[in-house]
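Peer 1: Residue numbers (the working numbering), protein chains in the order written: chain A, 1 to 327; chain B, 1 to 344.
I should point out that these hints are in silico values taken from the structure, not numbers from a laboratory.
Be a bit skeptical, because a hint or two may be false.
Claimed, not checked - Listed below are the simulated SDA-like cross-link pairs for lysine to any residue, each with C-alpha atoms no more than 20 Å apart in a straight line:
id, chain 1, residue 1, chain 2, residue 2
1, B, Lys329, A, Leu288
2, B, Lys329, A, Leu316
3, B, Lys329, B, Trp300
4, B, Lys329, A, Glu306
5, B, Lys64, A, Asp14
6, B, Lys64, B, His91
7, B, Lys69, B, Ala43
Claimed, not checked - Here are the in silico distance ranges between beta carbons for each label pair:
id, chain 1, residue 1, chain 2, residue 2, range
8, B, Arg63, A, Arg46, 29 to 39 Å
9, B, Thr217, A, Asp14, 39 to 49 Å
10, B, Val226, A, Arg207, 21 to 31 Å
11, A, Thr79, B, Asp51, 38 to 48 Å
12, B, Ser296, A, Arg226, 44 to 54 Å
Where is the CB? At the ideal position from N, CA and C, for every residue including glycine.
Listed below are the residues making up each chain.
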Amino acid sequence: MPQQRTPAGRASADRLGRLLNLVPYLLARPGIAVAEAAADFRISERQLREDLELLWVCGLPGYGPGDLIDMALDGDRVTITYDAGIDRPLRLNPDEALALVVALRMLAETPGIGSRDAIERALAKIENAAGDLADAPVAVRLPANTQRVDAIRGIVERRHAMRITYYTPARDETTERIVDPMRVLMVGNRAYLEAWCRRAEGTRLFRLDRIDAFTELDEPAAPPARAVPHDVTDGVFHPSQDLPLVTVRVGRGSRWITEYYPCEEVRRDGDEWVVTMRVTDLGWAQRLLLGLGSDVTVVGPAALVERIREQAALALDQYAAPATGNA
Amino acid sequence: MPPHPRWAASVSVVSRTRTERLVNLVICLLSTRRFLTAAQIAATVPGYEHDPEDPRDHEAFQRKFERDKAELRELGVPLETGLASAFDTEHGYRIAHREYALPDIPLEPDEAAAVGIAARLWQHAGLAAAASSGLAKLRAAGVEVDPQATLGVEPVVTVDPAFGPLTAAARARRAVTFSYRVPEVDEPSTRRLQPWGVVCWQGRWYVVGHDRDRDATRCFRLSRIVGSVRAVGPEGAYTPPADVDLISHVARWSGPTERTGRATVRVRPGRAAGLRRLAVETVPGPDGDRLTIPYSDVEWLASRLVGYGADVRADAPPELREAVIQQLKEVVARHEPAAAGAVS
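Here chain A stands alone, though its shape is the one from the complex:
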């Protein structure tokens, strides 16, 4: 990994890398519009023109007319007429090779992906170009419920609405809804359908493993203009500040919940941990916390503590009679 460096040093290194790319880039595209090249390099036209001015005074030793990088600027278009020997970009460095090779392996492993063949051909060519560096010590295997993802992706591509039977753990209910599919995406190990839900009148992410049944409808998917995709950069669940807070003490055996669910606070207290988390629904919290069993104590809110005690006591009453009876 690169060392820490000053922003000015970083900018200068970035610029050097860009200049060494710029010459072969322009060489491959005679007469390209300055604006188009600037957009490809994600810099302003002004910055690109400054780069060209700098390159224009660089060249081979001697630094005479025939030695310097030369170019023809025709209004808004530019053509390199002499490259002074930088006719190819630099090789991929180890980090670049790793980032591209691993991302392509991810893509090739993604269930339901289109153009798998093209991805694999691209991967082979990049690995070949990266030489030894392509030996990235990274292997990828994603879950392979490919058939379902394939089927749902097909519906998304045909832009059809669909009827789904969906299980919502927060409310422990299975509902029928008609949705207008927008896209299928993978976050971590899970596939999601993002769609406009006509029942909820909002954009929703549906976990594919919770779609118990689905039917493609003979009507077009028509998400309204206000259907905005979720930002899943930081994961799918973003607890909002107005959700109820639940505080529990957990022992060793249940500490995995701190790894599995986003927690607001995890604090050590003797042999136990005090965990505070936001939950979308107290009924869900009740099912989760009841089920965690012996080494979890719910501290608050008080109403939840009471519900849990009461439910457990009621459940126990059922076992007062022998198992075979129709209690």
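Dock chain B against the given chain A, drawing on the hints supplied.
Peer 2: Just chain B now, kept in the frame of chain A:
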């Protein structure tokens, strides 16, 4: 030869930019087949002018030249060092074009589109930057990448902070040490590992390697690594087993379990939708529906059942029934008003 007008204009600029000097240095070293000494480079490349007889001036040049070489190496420019001839005593420098240049990558449009999509998958800032600078090099090699292309399914790739240092160490075959916390254990422990590689298994990241303390092959989940990963000892310190299958190590370690057991559970009408989804058979009855649920671990299923409180009752097998009763008793005991008062 009269001074070139461009050259005349540029000499008027008192301070040549560092970038310009470095571009000229790269061009100069690419164009030479002989190794050029620092003195020869100083006499050739604009920006290194100094008086070699003046010790302070010469020292300043040497520092500048060292910094420039370091910058080129960091960028990945393969600087070669060697002697120009058997009679030379001072090392010189050159850049071999075949080492410098990205080989030709004849990507078809659909392949280029796939690379473009792959490059945007990274949510990790460092890898995202590396992917986009890699893509910039492909563009510079003449590859046209359509930024609008999509593949229908969009994976979002996230990695743990330990990913970078562990892949770098695995590549360099250098041992690492890190703090590792398993949820079931109180304190993180220090682990020493010779990493063979990193695996993404079912969306989670693991490192596989030789655990130097256990003297055995071990897998570690990256999300459980606390703090930073430190590389220790020299590079090339070990050789991973030939044809090691990283994925199978992780799969064996965290493999799926077969659900061969069959439980009978009574569920109130219209309740416990989450359990009904697991059932392979549902028989309606006068006091609710009887579900048959496959399972592998009694305690796991018991926990699921306890979660539904009085809406469900475990009927068979007996060990499931006992496990549920035991868990319920403990929940009641822990949440008695007196007990709750004692812990709050």
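Peer 1: Could you say whether the range 39 to 49 Å given as a hint is met by the Cβ separation of threonine 217/B and aspartate 14/A?
Peer 2: At 41 Å between Cβs, range holds.
Peer 1: Lying within 38 to 48 Å: is that true of the beta-carbon distance threonine 79/A to aspartate 51/B?
Peer 2: Cβ of threonine 79/A to Cβ of aspartate 51/B: about 41 Å, so the range 38 to 48 Å holds.
Peer 1: If you draw a straight line from the CA of lysine 329/B to the CA of glutamate 306/A, is it 20 Å or shorter?
Peer 2: Status holds; Cα separation ~15 Å.
Peer 1: Just tell me: holds or violated, for the beta carbon distance of valine 226/B and arginine 207/A against 21 to 31 Å?
Peer 2: 30 Å, holds
Peer 1: Measure nothing beyond the straight line between the CA atoms of lysine 64/B and histidine 91/B; if it is 20 Å or shorter, mark the hint as holding.
Peer 2: 17 Å, holds
Peer 1: Could you tell me whether the CB distance from serine 296/B to arginine 226/A stays inside 44 to 54 Å?
Peer 2: 45 Å, holds
Peer 1: Taken at face value, is the distance from the CA of alanine 43/B to the CA of lysine 69/B at most 20 Å?
Peer 2: Cα-Cα ~17 Å, so holds.
Peer 1: Is the Cα-Cα distance between lysine 329/B and leucine 316/A 20 Å or less?
Peer 2: 7 Å, holds
Peer 1: Verify the proposed pairing of lysine 329/B with tryptophan 300/B, using a straight-line Cα cut of 20 Å.
Peer 2: 17 Å, holds
Peer 1: Taking 20 Å as the top limit, are the C-alpha atoms of lysine 64/B and aspartate 14/A close enough?
Peer 2: 19 Å, holds
Peer 1: State, for the Cβ atoms of arginine 63/B and arginine 46/A, whether the hinted interval 29 to 39 Å holds or is violated.
Peer 2: 33 Å, holds
Peer 1: Does lysine 329/B pair with leucine 288/A here, judged by a C-alpha cut-off of 20 Å?
Peer 2: 17 Å, holds
When each numbered hint is compared with the structure, no violation occurs for any of them.
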